[in-house]
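First to last, the protein sequences are chains W and Z.
Residues in the first sequence are numbered from 1 upward in steps of one, following this note's numbering.
Residues in the second sequence are numbered from 1 upward in steps of one, following this note's numbering.
Incorrect hints may have been included.
Said to hold, decoys possible - Derived lysine to any residue pairs resembling SDA-like cross-links, with alpha carbons at most 20 Å apart: (1) K113(Z) x V103(Z); (2) K113(Z) x A88(Z); (3) K72(Z) x V133(Z); (4) K113(Z) x E97(W); (5) K113(Z) x P102(Z); (6) K113(Z) x G104(W); (7) K113(Z) x D31(Z); (8) K72(Z) x R26(Z); (9) K113(Z) x L102(W); (10) K113(Z) x Y64(W); (11) K113(Z) x R95(W); (12) K113(Z) x V96(Z); (13) K113(Z) x D59(Z); (14) K72(Z) x V118(Z); (15) K113(Z) x L108(W); (16) K113(Z) x S50(W); (17) K113(Z) x P137(Z); (18) K113(Z) x A107(W); (19) K113(Z) x D95(Z); (20) K113(Z) x R71(W); (21) K113(Z) x A106(W); (22) K113(Z) x R131(Z); (23) K113(Z) x I103(W); (24) K113(Z) x V74(Z); (25) K72(Z) x C136(Z); (26) K113(Z) x F100(W); (27) K113(Z) x D101(W); (28) K113(Z) x A18(Z); (29) K113(Z) x E94(W); (30) K72(Z) x R10(Z).
No lab work stands behind these hints, which were simulated from the structure alone.
Quantities reported herein were computed from a predicted structural model and do not represent experimental measurements.
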Amino acid sequence: MSSVIPVVVERIEDRGGAEGEEGIWRVVPQGRLDARTVSALESALESALSQSPRLVVDMSEVPYISSGGLRALMAARRRARAQGGDLRLCGLNERVEEIFDLIGFAALFPIFGSLEEAVESFRQEG
Amino acid sequence: MERSLTVPARFTELAHIAEFIAQAGREAGLDERTLFHVQMAVDEACSNIIEHAYGGESDERIRLSWHCEGEKFVVTIQDWGEPFDPSAVPVPRLDVPLEEVPVGGLGLYIMRKLMDEVTFHFDEVEGNILRMVKRCPR
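The shape of chain W in the complex, shown without the other chains (with noise of 0.2 Å):
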């Protein structure tokens, strides 16, 4: 199976806590999540989990999620969660949040409108 959808990786910078801290770091898929490409998703948040605990996937250019997408996301935050830090999301679309409401999933994962939002609620943690 080939990944085929660009995913950035990136430390958010100047938001990362306390010197010495690993920081915030902010995941964003680029294309629809579907079992063709989750495994770009899949390496992006574990390179980024080997970064720091601290993570916002930021969804807003994700037209579409597929089950194996939304495990992708389960099983990071899983990971998150038992580093001592957590998986956050923002920038969800319409569809793909209703999505989220109808089968449950809203009720797993802290949803964000904003990445600043995501952020900041990081930040008030210290």
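Take the given structure of chain W and dock chain Z to it, following the hints.
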């Protein structure tokens, strides 16, 4: 009127299948929200066929067809892989802490959440036949 599409069981075909369903939805007059639900259910079904019925990508066939019955939009998906028994798939509980949510069964759960009817039938000759119905008042 019935339209059909036959593709090999490969993940690269999922985007073609989504486009086939989009075209079907436009011809049947589905609204955007309803179409999105049907596309997602079909995507889950075809992913399951590739992963489970055929045990991975192969050149085996998946056949999709659709038609309307009054206010019902009906999609039928056929494969010739391992017989599928939906009763063997546990229904995942999502009203539990994240750490306790099971990994399997999510695709079938989503199909049932998004469609009004989901029925499976196995035939020695015809293979697995999945029929999914979405009511769409127009």
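Status of the hints after comparison with the structure:
In summary, the hint linking K113(Z) to V103(Z) is supported, as the alpha carbons are separated by about 17 Å, within the 20 Å threshold. For the suggested pair K113(Z) and A88(Z), the alpha carbons sit about 18 Å apart, so the restraint of at most 20 Å is met. For the suggested pair K72(Z) and V133(Z), the alpha carbons sit about 6 Å apart, so the restraint of at most 20 Å is met. The straight-line distance between the Cα atoms of K113(Z) and E97(W) is roughly 15 Å, inside the 20 Å bound, and the hint therefore holds.
Restraint check for K113(Z) and P102(Z): the C-alpha separation of about 17 Å stays at or below 20 Å, so the hint holds. Between K113(Z) and G104(W), the direct Cα distance comes to roughly 10 Å. Compliance with the 20 Å bound is thereby established for this hinted pair. With a CA separation close to 18 Å, the supplied pair K113(Z) and D31(Z) stays within the 20 Å bound. Of the pairs offered as hints, the one joining K72(Z) and R26(Z) holds, with about 14 Å between alpha carbons and a cut-off of 20 Å not exceeded.
Between K113(Z) and L102(W), the direct Cα distance comes to roughly 7 Å. Compliance with the 20 Å bound is thereby established for this hinted pair. Proposed proximity of K113(Z) and Y64(W) is supported: the alpha carbons are some 17 Å apart, at most 20 Å. Distance check on the hinted pair: K113(Z) and R95(W) sit about 15 Å apart at the alpha-carbon level, within 20 Å; holds. Distance restraint check for K113(Z) and V96(Z): the Cα-Cα separation of roughly 18 Å lies within the 20 Å cut-off, and the hinted pair is therefore satisfied.
For a cut-off of 20 Å, the pair hint linking K113(Z) to D59(Z) is broken: about 30 Å separates their Cα positions. Taken as a hint, the K72(Z) and V118(Z) pair is honoured in the structure, with Cα atoms around 13 Å apart against an allowance of 20 Å. Of the supplied pair hints, the one linking K113(Z) and L108(W) holds, its CA atoms being roughly 17 Å apart against a limit of 20 Å. Of the pairs offered as hints, the one joining K113(Z) and S50(W) is violated, with about 35 Å between alpha carbons and a cut-off of 20 Å exceeded.
Distance check on the hinted pair: K113(Z) and P137(Z) sit about 18 Å apart at the alpha-carbon level, within 20 Å; holds. A hinted pair counts as satisfied when its Cα atoms are at most 20 Å apart, and K113(Z) with A107(W) qualifies at roughly 16 Å. Among the hinted pairs, K113(Z) with D95(Z) is consistent with the structure: their alpha-carbon atoms are about 15 Å apart, no more than 20 Å. A hinted pair counts as satisfied when its Cα atoms are at most 20 Å apart, and K113(Z) with R71(W) qualifies at roughly 17 Å.
Of the supplied pair hints, the one linking K113(Z) and A106(W) holds, its CA atoms being roughly 15 Å apart against a limit of 20 Å. For the given pair, K113(Z) sits about 15 Å from R131(Z) by alpha-carbon distance, which is consistent with the 20 Å threshold. A distance of roughly 7 Å separates the Cα atoms of K113(Z) and I103(W); the hinted pair therefore holds under the 20 Å criterion. With a C-alpha separation of about 16 Å, the suggested pairing of K113(Z) with V74(Z) holds against the 20 Å cut-off.
Between K72(Z) and C136(Z), the direct Cα distance comes to roughly 6 Å. Compliance with the 20 Å bound is thereby established for this hinted pair. Note on K113(Z) and F100(W): the hinted pairing holds, with a Cα-Cα distance of about 11 Å set against a maximum of 20 Å. For the suggested pair K113(Z) and D101(W), the alpha carbons sit about 11 Å apart, so the restraint of at most 20 Å is met. At roughly 19 Å between alpha-carbon atoms, K113(Z) and A18(Z) fall within 20 Å of each other, so this suggested pair holds.
Between K113(Z) and E94(W) the CA atoms are separated by roughly 18 Å; this keeps the pair inside 20 Å, and the hint holds. For the hint pairing K72(Z) with R10(Z), the CA-to-CA distance comes to about 29 Å; that exceeds 20 Å, so the pair is violated.
Violated hints for the displayed structure, listed by number in ascending order: 13, 16 and 30.
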